[in-house]
Amino acid sequence: MVRDDYEVVIGLEVHCELSTKTKIFCSCSTEFGGEPNTHCCPVCMAMPGTLPVLNEKVVEYAVKAGLATNCSIEKNSKNDRKNYFYPDSPKAYQISQFDKPLCYDGHVTIETENGEKEIRIERIHIEEDAGKLNHDEYGRGSFVDLNRAGVPLIEVVSKPDMRSSAEVEAYMRKLKSIFEYIEISDCKMEQGSLRADVNVSVRKKGAKEFGTRTEMKNMNSFRSIVRAIDYEAQRQIEEIENGNEIMQETLRWDDISGRTFSMRDKEDAQDYRYFPEPDLVAIKLSDEYIENIRKSLPELPESRKKRYIENYGLTEKAANFAVSSKYYSNLFEEATKICNNPKTVGNMIMSDIARILNEREEEPDSLKFTGKELGELVSLIDKGTISSAIAKKVLEELFNEVKMPSKIIEEKGWVQISDEGAIKEVVMKILENNAQSVADYKAGKDKALGFLVGQAMKETKGKANPQLLNKLFLEELKK
Amino acid sequence: MELYEYTVHELIEKLEKGEITSETLTKSYFDRIKEKDNKVKAYVSTLEESAMKKAKEIDEKRKEGKPVSKFAGIPIGIKDNMCIEGTKTTCSSKMLENFVSPYNATVIEKLNKEDLVYLGKLNMDEFAMGGSTEHSAFFKTHNPWDLERVPGGSSGGSAAAVSAEMAPWTLGSDTGGSIRQPASLCGVVGLKPTYGLVSRYGLVAFASSLDQIGPITKDVTDSALLLNLIAGHDEKDSTSMDMEKKDYTLSLVNDVKGMKIGLPKEYIGEGINEEVKQAILNVAKKYEELGATVEECSLDVGKYATAVYYIIACAEASSNLGRFDGIRYGYRTEKYDNLKDIYRNSRSEGFGPEVKRRIILGTYVLSSGYYDAYYKKAQKVRTVIKNAYDELFKKYDLLLTPTSPTTAFKIGEKTSNPLEMYLADICTVPVNIGGLPGMSIPCALDSKGLPIGFQLIGKAFDEETIFRAAYTYEQNSNFKENKPTFKGGDN
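These protein sequence lines map, in sequence, to chains H and X.
With this note's numbering applied, the first sequence corresponds to residues 2 to 480, in that order.
With this note's numbering applied, the second sequence corresponds to residues 4 to 494, in that order.
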């Protein structure tokens, strides 16, 4: 990790593809994938004579993002052209926003193990995504796919407020969660719909000036971002310690070698020749328009968290976890409504569901079952129909196939055995076969009881009512 | 009288009465093209096969009594920077020599609805950059009044075709005078509508904030008819104005009594040819005789318009022409080993010198460190010029100026000096800067027998007053009796 006498300074430009049905300047589909150049029209292919028309939904979504991140909204905004030549940019300019972004001066609060911290947002602007170049593996050249060209993006530019890779991850997760709550993006990092340009510099602790920064572009996994920052900070410190200067340059992070490579330095810095887009008119927003969007925003994580702690008695940790994703939060609220046991629901989400997702290497957005199933599951535990051990097995089943838990346990024969006679039979059998453990227990080794209960559970395939089992063992052992 | 000699409003009558068919009419134009275009060279490509087929279809429909537009079967020529699906749109550039447009421009969609017949695509200065049509990558167009002279530009093909009666009317585009100046030099009527009145969708962009499509016609009535067809809001062009549709033929009224016309002194002074100046003063006198008041006024800031124009137009062009990169369509060099070479060589080989000059100039004025001094300042001056027009229009209904400081100049006369060529636009450029409508109406021949046009400039979206004044002049003068002579030239 980073040396104690240095401080890392990180700022992010997060690109987020908006989930509007159509592209930003034409009516082509924004759907991911598709055969190359099938979601295209003369406009997004930049045929001579075509003109852009701004999709109003894009403005609405960007304003939502701005309001949800405490930004001010620019009422007199406009589009600008950013000129550069590259085959993925069919017009040879990107329509973006230069000096009047739609949203500015916002912030989000992040939580790390060091507590809460505010990360300031400088601006959020709208722009169009570029196409893709598919490089032929046989060296026959590169193929241009313009399906993505014109998919709407917002670019969220933070202030250089982050001081560790952990803070960057927390910030990214926070943005992702907010954008999911307000439903402006699917935020699928693996498909590139959420990605970041990461600016890193280091300086001696206490220094007033920032160090020279390097930029790593198009990072699209939390893990890579964390690794890349840690690597790059270390590299910069070593350079400085060796008496070298840091070059301002664009780097490429290579996930396999775990290193950064130089792509281009400042000398090649492009002059984008920004100027106002003459094919579009100014974006003028009324107070009423902005207020209506503000009113339409769903309840955001901050407020939900407060409610979970105050009304549902969740711990800070469980509440934080439950609101960390819209999918968790919605699951929590829906299930709680059904079973009226927020604590168990909260714990199940934080421990069991998160664990299974992790094992499956999936994100919360891939959850198929809803609060309806989870609520019933918790009710079944509360009623004593199943044990929490069985409940875990039911959960695993829910990940494979969505069915009502009552149905699953019926089909699997997982109903808890609460018949005292039946359980007593098992208890007697286990006691008979484990004379040594019985002796241990009687000699004062309380642990032996656990072993015996475990054996009984095994015998009943986990279906025995654990309270009853405990009670009967204790009764028999006292005899 | 040959069919090609009639105006469109006369032809409409004949078609409706069944005196002529679209087939014979269309054929008369192709015959005329075959007779004259080897000298004039107005057409980059003709569409004889599809035109004759379409004409026959329209005739069938009429014969069967099916409902058709009154314009059905009327031929038209289109400047070669407007897209017609499935046909070549070259912009008279090597860059797009073989480019076939996959879609229709909005103006073409509108004309299709009325069943017009496309004769072909007309020559122009490459990417509409120039004032003489000498900058076409393919060939020069000649002025029908004197084949040794230019037809003006950039819509030189469109103006020459109407003048030589190789089309009854045509569409041109005007960024700094490209409809009005060639109309003036060729003795026909050319209208640049208010910016935002006609959709630019499908017009290959030169300078987005200045370009407008407009009609080039034999007379003012045809101009109003064609503007009726192409004007109107288009969802595909955000800069097109959303307003109620007008019928411009209602303005064809022979009466200017009480109309106030301003005569900016700067445009009848230095730099304006004496014969042109005299012709304009005669027009002014005519308007006074007809009951209008004509008063000398001043558009002092107009002198900055040319500088402002070349900064803004070139800046926008440098960006608009970036898409011609040899990647997806258009010319691609054969000499390349890497991406940079594809760009550099395709663009070096595909663009002509005038286009390159403007791309370089535009790139320069947008560059960091120069943006404020040039582009930003030019935008500020643009506002000053607009305000000056606003002030004048508080007092006047129209402004009267020459369209071009001179009559048609000789081919080759100005090509060696771009600056001198740029000055050919001094009367027309300020109108684009102001976003205003302007029309060139022929009024006289100079001593060499070359046409002189006068320009009427109106308030934004007040084409009606222009039509009214132009129509009144036309009804009370006799320029129409003059016909081009096709003299001179074996080139």
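What the hints contain is simulated information worked out from the structure, not anything from laboratory work.
All figures in this text were calculated on a predicted structure; none of them were measured in a lab.
No residue lacks a Cβ here, since even glycine has one placed at the ideal position from N, Cα and C.
Check the hints yourself; a few may be wrong.
Said to hold, decoys possible - Capping the alpha-carbon separation at 30 Å, the derived lysine-lysine pairs in DSBU-like fashion look like this:
1. X:K380 with H:K79
2. X:K486 with H:K83
3. X:K389 with H:K76
4. H:K160 with H:K189
As the list claims (entries may be wrong) - Derived DEER-like restraints, expressed as beta-carbon distance ranges:
5. X:L422 with H:Q192: 53 to 61 Å
6. X:N341 with H:S258: 22 to 30 Å
7. X:A376 with H:F211: 39 to 47 Å
Here is what the structure says about each hint:
no.	hint	in the structure
1	X:K380 with H:K79	holds, 19 Å
2	X:K486 with H:K83	violated, 50 Å
3	X:K389 with H:K76	holds, 25 Å
4	H:K160 with H:K189	holds, 24 Å
5	X:L422 with H:Q192: 53 to 61 Å	holds, 54 Å
6	X:N341 with H:S258: 22 to 30 Å	holds, 26 Å
7	X:A376 with H:F211: 39 to 47 Å	violated, 31 Å
Going down the numbered hints, you'll see the structure goes against 2, 7, while the others check out.
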